[in-house]
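With the hints as extra help, turn the sequences into a complete structure.
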Amino acid sequence: MGPVPGPSYHLRVSFERCIAHLDMDAFYASVELRRRPELRGKPVVVCGSGPRAVVTTASYEARKLAGIHSAMPAAVARRRLPDAVYLRPDFPAYREASGQVMDVLRRNVEVVEVVGLDEAYLDLTGIFSPKATMRRVASEIREETGLTCSVGISESRMLAKITTELGKPRGLVVLSREQALERFAGHSPGLIPGIGPKTVSRLESMGIKTLADLRDWQRPALEDTFGPRSGAWLYARGNLWDQTPVTPEHETKSQSTEITFDVDVTQRAELERHIAELSEELCRRLRKRELEGRTIGIKVRLDDWTNATRSHTVEKPTNDPEVVGPVALELLRAYDPQRPVRLLGVRVASFEKNEAKAEPEPTPGQLRLGLAS
Amino acid sequence: MKLTTKREDLVSKLSIVSRAVSTRAATQALSGVLLTAKEGRVTLAATDLDLGLETTLDANVENEGATLLPGRLFAEVARSLADPTVEIESREAEHDVEIRSGGSSFHLRVLPVEDFPKLPQPEDEPGLRIPAAALEESIELVARAASRDDMRPVLTGVFVTATGREMTMVATDSYRLAVKRTELESDLGGELEANIPARALRELGRILSSEGAGETTISLLTNQAVFVAGSIILSTRLIDGQFPNFRQLLPESYEHDVRLPRSDFLDVVRRVSQLAQRNAPLRLSFRAGELTVAAETPEVGDARETMPAAFEGEELEIGFNPEFLREGIESVSGDEVLLRLISPLRPGLLEPVEGDEFRYLVMPIRLNV
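As given, the protein sequences belong to chains A and B, one line each in that order. Heads up, the working numbering is the position in the first sequence plus 1, with the first residue counted as 1. Heads up, the working numbering is the position in the second sequence plus 308, with the first residue counted as 1.
Calculated directly from the structure, the hints in this document are not laboratory data. Cβ atoms here follow ideal geometry from the backbone N, Cα and C, with glycine treated the same way. Heads up, none of these hints are tricks.
Computed, partial: chain B to chain A, Cβ under 7 Å:
1. D458
2. P552
3. N587
4. N629
Residues of chain A placed beyond 12 Å of chain B at every Cβ, according to the derived structure:
5. R81
6. T307
7. A309
See the structure below:
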């Protein structure tokens, strides 16, 4: 059943598809502030304590004072802002707060897709007043948890996510695709989730520096450069088209565990011991979620930040450490790191239940009809 | 609500509506089958919001009412019953439904009936009428060329246009395109232009082939189409957006017209395709008087077969996706198919030797990439 065309006056959101993205404001830091109100107004940084820990969240004060952001090495943050309050992450507390938040969402909206502890997409298509609904959701979250969030409402997932950023913190912004095209015309294509630094620099080398530049490119030209899949995808994203549905159960594509060593590891025996431990930990998690995968991979980061991944596909899907461990070990031995290892990870992918749903990839060289649409 | 019905009828009607039961429902109610006894009529209905199915059930009604049962479980329970007679009674106080048959008795907890959406109903005045056989044939030939990729919703539909005594269906997934034009036996009584989800049409095709109804009526609502075939009502949302102008995709002329015996060609393609695994293309090499079909899958093996073909002129080699080619040949009726080609990188066309009622355009695979 499509959306019901209702009365249209300028305040009413009447997108054909209506998707909201909700992102908690400085989630971990806010949870900490909630139980330690004396820290309010002070810069708070949540991060681990090891020499290689990274920042998990920084309160807005810490962001404003010293530009501290998540994923920044904790050491850098400490150097920039030694007086900030540094807290160790308390994941059980965050999970509990997250559960409360998501309960509010599910109570108010039927189709909710939770991504991570502090983010969710909501499908509001057909709902009479998306804006009022989300305003109610935000105020209920605040009443019940004392935490604030930001909301973006638009015509697709991608646009909703970009829109959320505009209102942070505590904002609720509605943006149509048309408005977004205008507003972001001068921005780098890197603004779009999924277009990473590598693609950005590749686009720049083609003279595509802004979203407006990207829009000037026709689909066939992009397909020629980036291949049919990525080209078509870039073309769609450049025009801010996105049809990705909001799926209530987040499908897991792969699962991994990794460890960053406090001191780089050179000893082969030690690396092999870690591989066994990581495999066991990973399989424990897979079993808990009843997932079995066929592709087993390892990830190695050397002391010079070279990253390597190797993978191997086995006959039958598995979550058995007796299978995953030895395969991962073989991969490590075959890769044979020539420098001290900084990070080591094990990954399992190609889960059975995902495989059945996947669209078959078109054959390399398969030509398409020149559909103008 | 209390009624008695035949197990056989219940099972077959449930298997029809169950196809619209949502498997990953946003609302619990969509995983249910609605059983309604009202004004002497008993109906079963299910919907996943894209597709809705409703049908009647022969039953003796003792008390009227409506109840929403968990779809899959209800169907499985019905199928498992041993006695030919089934009694269904809702027990309001217990929030469940009792199903009795022979010595067995089941209590199924019901779903909130008020959450079940009202299914679109056909308009009172007679809608457009299309002979079921023509509709079924067109659907079978065209619907499989529709895209299954939700990234481009417009292509997941079959574009149906009909006026007077002519109906055209077209679908494309951008790799191939199928067009079927049909002369109708009688005037359809109006005009039709809609992009109908291929999934709904495939479902309709299945229903038409099993129902044996002579005629289907169609009502077009704002953004829904409602089909009535015998005792079954199928409703579907319509797809918005401009369907590509397919006429301009059909080349105006071809370099080669090759007539091939349909069943031989199909057999050769099927045989050789076994060795075109993992996305490997099928290679068609034409030379004077013959066609060689070949396939190769690295680390698996290869296959080739040569058959006589009325081909003239310079040799031509062209690659196709085995499945797309096979489905194209299968769709062409008659003893012979006409394969029309331009060059290795231009589309190929499959059609019957006579008439232009059906055309299947397929894009090649660039070989030696």
